[in-house]
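Colleague: For reference, the chains in residue letters:
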Amino acid sequence: MQELTAQPAPQPKRIYKSNSELKKRLWRNKWLYVMLTPGVLYFVIFKYFPMYGLIIAFQDYKPYQGITGSDWVGMKHFSRLFTEPDFLNILVNTLILFGMNILIYFPIPIILALMLNELRGTFFKRTFQTLFYLPHFMSWVIVVSISFVMVTMDGGIINELLAYFGFEKINFLLNPSWFRPMYIIQVIWREAGWGTIIYLAAIAAIDPGLYEAARMDGAGRLRQVWHITLPAIRGVIITLFILKIGSVLDLGFEHVYLLLNSMNREVAEIIDTYVYTAGLRQGQFSYSTAIGFFKSIVGLIMVMTVNKISKKMGEEGVY
Amino acid sequence: MVEDKTIGGRIFSAINFTLLAIIALVTVLPFVHVVAGSFTTSAEIAANKFVLIPKVWSLDAYKFIFSTNTLFKAMGVSIGVTVIGTAFSMLITSLMAYALARRDLDGRKVVNFLVVFTMLFHGGMIPTFLVVKELGLIDSYAALILPSAISAFNMIILKNFFQNIPEGLEESAKIDGCNDFGILFRIVLPLSLPALATIGLFYSVTYWNTYMSAILYLDDSSKWPIQVLLRQIVVLASGMDHSATLDATVPPPDQTIKMAVIVVATLPILMVYPFLQKHFAKGAMLGSMKG
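Protein chains in written order, with our numbering: chain A, 7 to 325; chain B, 1279 to 1569.
Please note that a few of the clues may not be correct.
What the hints assert, rightly or not - Simulated crosslink set (BS3-like; lysine-lysine; CA at most 27 Å straight-line):
#1 A/29 with B/1387
#2 A/82 with B/1501
#3 A/250 with B/1387
#4 A/30 with B/1501
#5 B/1333 with B/1411
As the list claims (entries may be wrong) - Non-contacting residues of chain B with respect to chain A, defined by C-beta distances greater than 10 Å in every case (computed):
#6 1335
#7 1368
#8 1468
#9 1509
What the hints assert, rightly or not - Computed footprint of chain A on chain B, listed as stretches where at least three residues anywhere in the stretch have a Cβ under 8 Å from a Cβ of chain A:
#10 1285-1298
#11 1378-1387
#12 1449-1460
#13 1489-1503
Everything labelled a hint here was simulated from the structure, so no lab data went into it. Keep in mind the model is a prediction, meaning the values are calculated, not measured. Every residue gets a Cβ at the ideal spot worked out from N, C-alpha and C, and that includes glycine.
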C-alpha cells in the first residue's frame, strides 16, 4: 500500500536491507522481465554473439571446425593487413570518402537549416521541409538507380543534355574519376535535407528576445545568424561532429557497393566492400573479420578521443 | 519572428527564398523525370530527350514489367517482410522500451548500457553472418527480419517517450488491478501514438528498403525482395558489369522499363510519406533528448 501515497518522497538509495527485499521487488516486476526478454535475447544473439565471434580474427577459422576447433594464429591477419599493399589503397579510399563527408557534406545541413529558419511564412517552410526530407526515405538502391538512369550513356538525361549543348558524352559510371563526385552528390541529395531536423529543433529553442535585442542594436539578418543562431546551435553541431568522426571508417556497405564495378574498383573499393568481397565471396573469414575488427576499434577510439577533446574545450560531449 | 521591413532584409529574404526554391527543385526533379519517363514510350524518350512532361503517354513499360511473375514475387516478398517485420519489431521494441523506462526495474542500467554500447561498437559483417548461418537462417525470409529486429535508436526514442508519461496514470491502473502488460497495452501505448507512428514509419521504411541482408543472407534469387531486383535490373544493367547480369546476350533493358521499376519500388514509400510525415520530425527530435 506504500505506493498509494503519491508523495514523491526522496528516492531511497538502493541499499537493500536484506536479500528478501530485493527478491520481493524482482518478483513484483516479473512481468517487466518477461517483457525485457525478447529484446535482451535479440541484443545478445545478434549483437553480442558477433562481438564474441570477433575472436576468429585471431584464428584460421574454418567453417567446419567452428570457433572452438579452429587454430589460433595470433596477430597473423592483422600483420597481413598492414603489409598488404591493397589494404593501404583501400584505407586511403575510405579516408578520402570520409574526408569528403566531413568537408563537403557536413556543413550543408547546417546551412540549409539556417536558410529554412530565415524563411518567413510557415507554408513555404513546411513545403520545403516536406520536399527536403523525402529522399532520406529512399533506399540507396533507389537513389543509385535514379542517378544511373539519369547519367547512363544510352539515353540518360545528363548525357543527352551534354550532347545537346555540344559537349562530349561522359561515361560517369565507368570512369573512375567520376566515382567520388557521384558518391558525394548522392549523399548530399539523400541526406542533407533530413540532416536539418536536429538543427531546426535546436534553433526552435532559441529565445526570440535575443533577436529582438540584436535588432535594437542595429544588427542585420546575416549578423543575427552569425551572432545568435550559430552560437546557439554550436553544442548540437559539435555533438553531431563527434558522432560523424566515430564513423570514420564506417561509411556503410550498401551505397558504395552499388557504385562499385570492375572499372572503378581502384578508387571505389572501401573497407566495407572489401570485407564483403574477401569474406563472403572469397571465404577468407578470419582475415576479413580482422579488417572489420580494426574498423570498429578505430571508430570507438575516435569517438572517445574527440569526445574527450571537446569536453576539455568546455563543450558537452555525447556521453 | 517580427517582419523585417528594411530593404536589406527584403533582399535577404528574396535571395534566401530563391535559393531554397532551387534546392527544392533539384531535390524533386529527378523523381519527376523518372515518373514521367516511366509513363512514356522509349521512342518518345529517344526523340524528345529531356522529358519532364511526356507528349506521348503509354503504359507499355508497366505492362512489360508485370508480364512476368518476377516482379510480383519480389513485391510480395517485400510487402510480407515489411508488414510482418514492422509488427514484430514494434512489438518487441515496445516491450523492451517499456520495461527499461520503468525506474523501479533492477538491472535497467546494465541493459541500457549494453544497448547503447552496440551503437558504438559492433561485431561487423562477417561474425554477424556466421551467427545467422549457425542459426540456419540462410535463405529464409526470417534472415531479412531477425538480424535487424530492434534498432537501438528507435528503442531509445520510445523509451524516452514512455519516461515522459506521468507515472500517476500507471499507478492508478495498477490499483485497478492491471498487471504490467495491461498497463502497457491499455494505458501507455494508446498515449504514445505519435512516437509509435514515428518508429513504425522508420521500421517499415527500413524493411521495405532491405537490401544488404538480402545480398548477404539470400542465395536463392527467387526469394529476392524488390530492392535487390531493382539493383539487378537498373544498376547492373546500366552498362556496368555485364558479367554480373544473368545473361550477357540480352540487351540492357530500356530506359522506360528501368524507370517503371524504380517507380514501383518507390511508390509505397511515397504513399505512406504524407500520411506519417507530420509525426516523424517530432519523433526524430525525441531521439535527441537525453534520457
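Colleague: Are the hints correct? Go through all of them and say.
Modeller: Evaluated hints:
In summary, the hint linking residue 29 of chain A to residue 1387 of chain B is supported, as the alpha carbons are separated by about 18 Å, within the 27 Å threshold. Restraint check: the Cα-Cα separation between residue 82 of chain A and residue 1501 of chain B comes to about 38 Å, which exceeds 27 Å; the hinted pair is violated. Taken as a hint, the residue 250 of chain A and residue 1387 of chain B pair is honoured in the structure, with Cα atoms around 26 Å apart against an allowance of 27 Å. Simply put, residue 30 of chain A and residue 1501 of chain B have alpha-carbon atoms about 50 Å apart, too far for the 27 Å limit, and the pair is violated.
Between the alpha carbons of residue 1333 of chain B and residue 1411 of chain B the distance comes to roughly 52 Å, so the proposed pair goes past 27 Å and is violated. Consistency note on residue 1335 of chain B: stated as away from chain A, and its beta-carbon is indeed over 10 Å from all of that chain's, at 19 Å minimum. Residue 1368 of chain B, annotated as away from the interface, keeps every beta carbon of chain A farther than 10 Å; the closest lies near 12 Å. For residue 1468 of chain B, the shortest C-beta to C-beta distance to chain A comes to about 17 Å, beyond the 10 Å cut-off, and the non-interface label holds.
Residue-level check failed: residue 1509 of chain B sits 5 Å from the nearest beta carbon of chain A, not beyond 10 Å. Residues of the segment 1285-1298 of chain B lying with their CB closer than 8 Å to a CB of chain A number 8, which satisfies the three-residue condition for coverage. Given as covered by chain A, the segment 1378-1387 of chain B passes the check, having 5 residues with a CB less than 8 Å from a CB of that chain where 3 are the minimum. Here's how the segment 1449-1460 of chain B fares: 6 of its residues keep a CB closer than 8 Å to some CB of chain A, so the rule of at least three is met and the hint holds.
Check result for the segment 1489-1503 of chain B against chain A: holds, 4 residues qualifying (beta carbon to beta carbon below 8 Å, three or more required).
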